[in-house]
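Participant: Both chains are sitting in their own frames, so use the hints and assemble them into the complex.
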Amino acid sequence: MKLLKDAHLLYINRIKRVCVHHVRSCSSIRFIKSKYACVFDKSAFNFSHQHRFFRTSAVSRGQIVQFKLSDIGEGITEVTVKEWYIKEGDSVSQFDSICEVQSDKASVTITSRYDGVIRKLHYNLDEIAYVGKPLVDIEIDASKGVAPEEDVVETPAMSHEEHTHQEIKGHKTLATPAVRRLAMENNIKLSEVIGTGKDNRILKEDILNFLAKQTGAILPPSPKAEIIAPLSKSETVPTAPKDKARKIPIPISRPIVFSGKDKTEPVTGFHKAMVKTMSAALKIPHFGYCDEIDLTHLVQLREELKPLAQSRGIKLSFMPFFIKAASLGLLQYPILNASLDESCQNVTYKASHNIGVAMDTEQGLIVPNVKNVQVSSIFEIASELNRLQALGSAGQLGTNDLTGGTFTLSNIGTIGGTYAKAVILPPEVAIGALGKIQVLPRFNGKGEVFKAQIMNVSWSADHRIIDGATMARFSNLWKSYLENPASMLLDLK
Amino acid sequence: MVLQSSFKSCLPLSCLLRTPRAGFGGTASGGLIIQSLSNDVYQNLAVEDWIHDHMNLENRHVLFLWRNSPAVVIGRHQNPWQECNLQLMRQKNIKLARRRSGGGTVYHDLGNINLTFFTARKKYERMENLKLVVKALKALRPQLNIHVTDRYDILLDGQYKISGTAAKLGRTTAYHHCTLLCNANKFLLSSVLKSPYKGLKSNATPSVPASVKNLFEEDPSLTCEMLLDAIAEEYATQHRIDHHITLIDPTDETVLPGINDKSKELQTWEWVYGKTPKFSVSTCFNMIYKDSVLDVKVDMDVKHGRIEACDIDLPQQWLPPALCSELVKSLTGSKFCPNETTALSSTLLRTCPQDYELHRKWNLLCENMTMLM
Numbered sequence: 212m213k214l215l216k217d218a219h220l221l222y223i224n225r226i227k228r229v230c231v232h233h234v235r236s237c238s239s240i241r242f243i244k245s246k247y248a249c250v251f252d253k254s255a256f257n258f259s260h261q262h263r264f265f266r267t268s269a270v271s272r273g274q275i276v277q278f279k280l281s282d283i284g285e286g287i288t289e290v291t292v293k294e295w296y297i298k299e300g301d302s303v304s305q306f307d308s309i310c311e312v313q314s315d316k317a318s319v320t321i322t323s324r325y326d327g328v329i330r331k332l333h334y335n336l337d338e339i340a341y342v343g344k345p346l347v348d349i350e351i352d353a354s355k356g357v358a359p360e361e362d363v364v365e366t367p368a369m370s371h372e373e374h375t376h377q378e379i380k381g382h383k384t385l386a387t388p389a390v391r392r393l394a395m396e397n398n399i400k401l402s403e404v405i406g407t408g409k410d411n412r413i414l415k416e417d418i419l420n421f422l423a424k425q426t427g428a429i430l431p432p433s434p435k436a437e438i439i440a441p442l443s444k445s446e447t448v449p450t451a452p453k454d455k456a457r458k459i460p461i462p463i464s465r466p467i468v469f470s471g472k473d474k475t476e477p478v479t480g481f482h483k484a485m486v487k488t489m490s491a492a493l494k495i496p497h498f499g500y501c502d503e504i505d506l507t508h509l510v511q512l513r514e515e516l517k518p519l520a521q522s523r524g525i526k527l528s529f530m531p532f533f534i535k536a537a538s539l540g541l542l543q544y545p546i547l548n549a550s551l552d553e554s555c556q557n558v559t560y561k562a563s564h565n566i567g568v569a570m571d572t573e574q575g576l577i578v579p580n581v582k583n584v585q586v587s588s589i590f591e592i593a594s595e596l597n598r599l600q601a602l603g604s605a606g607q608l609g610t611n612d613l614t615g616g617t618f619t620l621s622n623i624g625t626i627g628g629t630y631a632k633a634v635i636l637p638p639e640v641a642i643g644a645l646g647k648i649q650v651l652p653r654f655n656g657k658g659e660v661f662k663a664q665i666m667n668v669s670w671s672a673d674h675r676i677i678d679g680a681t682m683a684r685f686s687n688l689w690k691s692y693l694e695n696p697a698s699m700l701l702d703l704k
Numbered sequence: 006m007v008l009q010s011s012f013k014s015c016l017p018l019s020c021l022l023r024t025p026r027a028g029f030g031g032t033a034s035g036g037l038i039i040q041s042l043s044n045d046v047y048q049n050l051a052v053e054d055w056i057h058d059h060m061n062l063e064n065r066h067v068l069f070l071w072r073n074s075p076a077v078v079i080g081r082h083q084n085p086w087q088e089c090n091l092q093l094m095r096q097k098n099i100k101l102a103r104r105r106s107g108g109g110t111v112y113h114d115l116g117n118i119n120l121t122f123f124t125a126r127k128k129y130e131r132m133e134n135l136k137l138v139v140k141a142l143k144a145l146r147p148q149l150n151i152h153v154t155d156r157y158d159i160l161l162d163g164q165y166k167i168s169g170t171a172a173k174l175g176r177t178t179a180y181h182h183c184t185l186l187c188n189a190n191k192f193l194l195s196s197v198l199k200s201p202y203k204g205l206k207s208n209a210t211p212s213v214p215a216s217v218k219n220l221f222e223e224d225p226s227l228t229c230e231m232l233l234d235a236i237a238e239e240y241a242t243q244h245r246i247d248h249h250i251t252l253i254d255p256t257d258e259t260v261l262p263g264i265n266d267k268s269k270e271l272q273t274w275e276w277v278y279g280k281t282p283k284f285s286v287s288t289c290f291n292m293i294y295k296d297s298v299l300d301v302k303v304d305m306d307v308k309h310g311r312i313e314a315c316d317i318d319l320p321q322q323w324l325p326p327a328l329c330s331e332l333v334k335s336l337t338g339s340k341f342c343p344n345e346t347t348a349l350s351s352t353l354l355r356t357c358p359q360d361y362e363l364h365r366k367w368n369l370l371c372e373n374m375t376m377l378m
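Quick note, the sequences are listed as chains A and B, same order.
Position 1, counted from 1, in the first sequence is what my numbering calls 212; the numbers after and before it change by one each time, with no gaps.
Position 349, counted from 1, in the second sequence is what my numbering calls 354; the numbers after and before it change by one each time, with no gaps.
So that you can see chain B by itself, here it is in the shape it has in the complex (with noise of 0.2 Å):
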């Protein structure tokens, strides 16, 4: 399939930064879109991160494309245990990203493409983004049957989401992002977004779940790029800018200095589960040991991502209560994170009595804890 040319080109940003691209017809707003070379999600958020704190969007406008390799993406203010299937993500090796801005959890893969608006804060304008990218479409296939709803999300055939929508404002700019699935495995992302929790209690925003559809799935001839290739097609004219791609690489410091430590930063546990609203998980299980079975409850307080308060309760006298006490003492203030509490849990048990019975019976609490996490 021949795609319609367009000319890409890897220029530094820091000239674009100072000089606005005009238009033809001498407008005084400037347009400028750009593409990501990387498909880490954690350097395509810190390339939103670094065009929202140091890029002048006063006169200028600035559409970003960018794909991801797959990944769990959670609002800002999102509970992850809440949204997703942690464990299910660890064992496909699906990365977790908690972005900037606000909205519900969705799951990104090389099949679903990321379109972000920047502009001056007083420009902010969700709708007419999402009209832009719909007439884009029609413009490449006239007989979609798709529609912008009042909650910014876009349908096919009036039941199906095919893009979901969030934003973030600050002080001088403001951005609005929305995903559109192409080709996306939905298997996977129905799997991965659905959480196993029982007994958890926050204040986060929690998701609305929706039926989603791949626009491939209406029709087979679509690919990402000639999408992307459309909305930037559609961007361009309403922008009076040339058709032009500026492909960057999120990695170059010399292009957007400082860039590497927002990757960073978006990448550590801090972020990524700390920034947690505070929530508390009262749940039960079974453990099976020799031939009985006990039940276990716990009652843990987390905040900051940090086991504020936790007990646990069994089987009268399975385990030393001094032993028990110890383990509570130890998970309190420690992170909710699965290796943490097994590096916590072995580390301790070599100052307790070398009894082999014991040490089964505590990997066995122990295990089951952090399949909590």
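Same shape as in the complex, but just chain A (with noise of 0.2 Å):
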């Protein structure tokens, strides 16, 4: 008790030191004269004391409010409660929402008229909760000086007064009262502040920010740590020009107050089958083999075939090339295009060559994969990626169209980057990470300079079974069919 004495006894300095500043000081008076004496202002107890617990154990008694609900309008007297968007125990400020009513097609946003802490909610949702009848018990901080308002009573000559009111307060300059009286108490106009709230509400940072611009000093901090900008530079207390001696200024700290606050979500849907999946694959041993491809050859060929694929509907890119290529080298190859059971006792070699490309959507990462390339042209392959990519950018992918893939590439590169390390897909036994195209100079067999269409690949595969000269071997297959398509056609089937 006899620090909640101290407490009361430091304010009752605080409004002394204040009242000689100011005329005004009858709110003051009418604070200390209130029936409720432990409750103290905050922000000057923080300043003399810095014990941040104190905070918790003393529990502001201040007045509980009953919030009554307002007239809606058109004589209606009962509504239907649909949505809280606070809870017993959480602050409010003056018009902050408290809730979402409806009644007969009319969806009415009931705000608060108080600073305070909400203590009680008087219906569940689906309530039918009725006009004039209390809605909320608020619990008002009496340091703030509020006093309560009217009862609100149902006819509509008193709800017209109760507005004029609310325009009175708060029309042009928006403020809650806490706002207002250090306002005052700084002897600002509260015209001359800028408001950065909704509605161009003026907020307590606003008012401490013009007061930092005045004085050229920061105010201590107040409990809610609100965020305090440090000083620019302009403003910081200059080196004597005597001292020439001491060139560097020394930095003044600031306490800087961040009010941001961490915020924990649970892993749920497809992010919860990622985090299953990925910790599965990373029992896999994984080697990584890059390479630097040429694709000057193929950046000129595809030119020439845009116009003739775009005539038959289908918007070719890079990818069906890339995905033909690994098809042949795979049917060379067979073993990157394996699964391995769980208990590591036998490898299944696929027939299908379904190749997974990865695919970036608001989901996250999806592999839907081109099914048989091994039997496809790459005109097909072209349109079966223009059919998933228009699937995937609509959310609309099936199951058929994500499950199955039995070796996959991502071309990681249409974002950026040049070498990655691939996470292979279980039941996989190799992935492909395709870097951004580059032009760089590169020398040609006579030893000149030329301009080089560039773009990396990263592989990895599964060390289980794939060892590093497979791996190597089919990357070359690969990259000589890339940078010389024309070979393509001796072993296209």
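Because the hints were derived from the structure by calculation, they are not lab data.
Computed from a predicted structure; not experimentally measured.
C-beta: ideal position from N, C-alpha, C; glycine also.
Zero decoy hints are in this set.
If you want the footprint, here are the derived chain A segments under chain B, 3+ residues with CB under 8 Å: (1) 310-316; (2) 551-564; (3) 633-644.
Reference listing, derived: stretches of chain A covered by chain B, where coverage requires no fewer than 3 residues with Cβ under 8 Å from a Cβ of chain B: (4) 476-485; (5) 597-608.
The calculated DSBU-like cross-link candidates involving lysine-lysine, where the alpha carbons are at most 30 Å apart (straight line), are: (6) K483(A) <-> K334(B); (7) K206(B) <-> K283(B); (8) K283(B) <-> K298(A); (9) K283(B) <-> K344(A); (10) K269(B) <-> K472(A); (11) K526(A) <-> K100(B); (12) K487(A) <-> K366(B); (13) K366(B) <-> K582(A); (14) K582(A) <-> K632(A); (15) K308(B) <-> K298(A); (16) K128(B) <-> K344(A); (17) K283(B) <-> K267(B); (18) K472(A) <-> K415(A); (19) K483(A) <-> K366(B); (20) K127(B) <-> K279(A); (21) K206(B) <-> K302(B); (22) K472(A) <-> K283(B); (23) K218(B) <-> K143(B).
Facilitator: Here it is as structure tokens:
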């Protein structure tokens, strides 16, 4: 109790200081006469004591006000509570949304008239609430000096007055009573302050910033840790010009208060499934193999074929070439299109080359696959890719498109990057990550420098059944097909 | 058909925000008629939000005219699964939007016009607005037999609904909007607004189905433009302002700062589906697998659009029980959404034993589950 008494005395001292400077101290006097002597201005307390833990134990016993449901209009007397925006124990400021009620096709947002803490919700969801009856109980922090409003009576005449009251209160310069008080105490005209809150409402930070600019000093941080911007360099105390020895000004450390809060969300649905898959993937011993591909010829070829594909209604990218070349490579190295069973006892060589293409969608990483690439032409692969991409962006890929893959290519280069370390997607045993195509100088056979279109590829493979040599040979074959596209013609089936 | 020329222009809304348009006669209240250049339902709903949040309607009334490309718009507290045929909408590429006002579900297309009457909160008066609309229509076509019901619908010939109403009240402002059927696709309207769902229990606001008719059917010479013009004319007369329609672009940040964020929010899954009041699904379906028909019973509780609890009752041993419980565990907490479920189930399949039969069964079950969403 002594602590509280000290705090109370501190506050009275502060008020006395205030009273010296300001004529309008009637509100302060009103406070001292208040029944609730235990209430104290938290900011004053914190300034002198820095004992933050006292905040929790010193529960401010404010006044509990029953906030009644005000008139909706059109003679409506009852509404259904459809959604609560707050729960018991939450702090609210004046004008914050409290709940959403519905009456006969009209949805009404009820906002708080007070600053305070919600102590009781009088209705559950889908219950009928009555106009003029209590909606919530709010505990008002009496130090804020808010006199409880007159009770709202059901007659429309009263509500008109209430609206007028609100208009006078906050029409042009919207500010809560606490903010108005702070401005008044510091002799600030609200009209000179720029409001940064909703509806250009003036917030406490705006007053503090205004003051900081005026006095060049930072006021003590309030318990509701607000963001106080560090002063710009021009306002720091300059070093004395005669002190030439000290060339580097010593930075004055300022308390930077950040009010951001950590946000924790559960991992659900698709992400939960990815966690499981990736955890299983990491059990596979990966090894990597990277190389550089000169796509100069392929770029030219694609330019020639693009209009032809367009005339058939298909957009031709580089992927169909990469996919087909991979399939041709898999024909020579079928172990890369295999699957190892859980007990690592058997290897299954898959007959179909269902090559997966990693896609970045709203959900995250989705890998639809092109089925039976081994018997598809490049044009067919291109049209299938178009279909999958359209479905992917619409979020309508089906189970059949998303399952049954045997080998995957990830064209991360469309977003950026050169080399990557891709994670194998079980039950596959290999994956390739393609970097972006860059124009780089290279030497040709005659020792001359020429402009080359270079792309990097990074393969990852399951070292339990794939060895480095196999991967390297596959990569070389794939590379040769792409560097010299004409050679693909020899082996196309 | 030569239309009554109404002076339309694109003026920055910001200058109109500050200076109320005084009518001739020097009346204190100003009025403003605006029309959207966009047919995107989300952008247009965002304009409503913007005006509601930012415009000073102390002494001003605003009429907002808009039309949308095919979309279904549900009320603030409604359940889309209960109100419309989501599968059909996905097939036909019909958008789903949730508005902030209450009321029931409507179908919009370019043959339907939307009118929003913005006023200060204390001047909120729906009946007056609807009477204005009726007056305008009668001035255009005196032979129309239309009247306003006490449910705030407008009926044609005493039985066909041509207009539905909804409203939103905020702290200082309010708006009342309504539809008006000129020549909408009635066939699509009735098929899309019929939900095939059975076994859904919810406290969401239900829609009241009604027989509808297009004004076009009554008088084929009527077009949407004529109706919009007539209503704007009547509004201008009643508020004693010029018959001047200001065109606005709902993507222009200079005129409507912050509007694009509002449109984006209206398109998020969390708003459209996540705001559905808590509901439960109790249904069963048949699966045909290799000459046998299987009965599957599914029970789910959905809150904020996410599956809170899930129970799948399958014939014994059809799927290994461990796998089945894995599916149930993964679905719990997941969005009640077909894409999410498909992505989830195909990803989970990667960690299952590689058995062709097993994969087929799993895919069959998951496909049926997604049909429920």
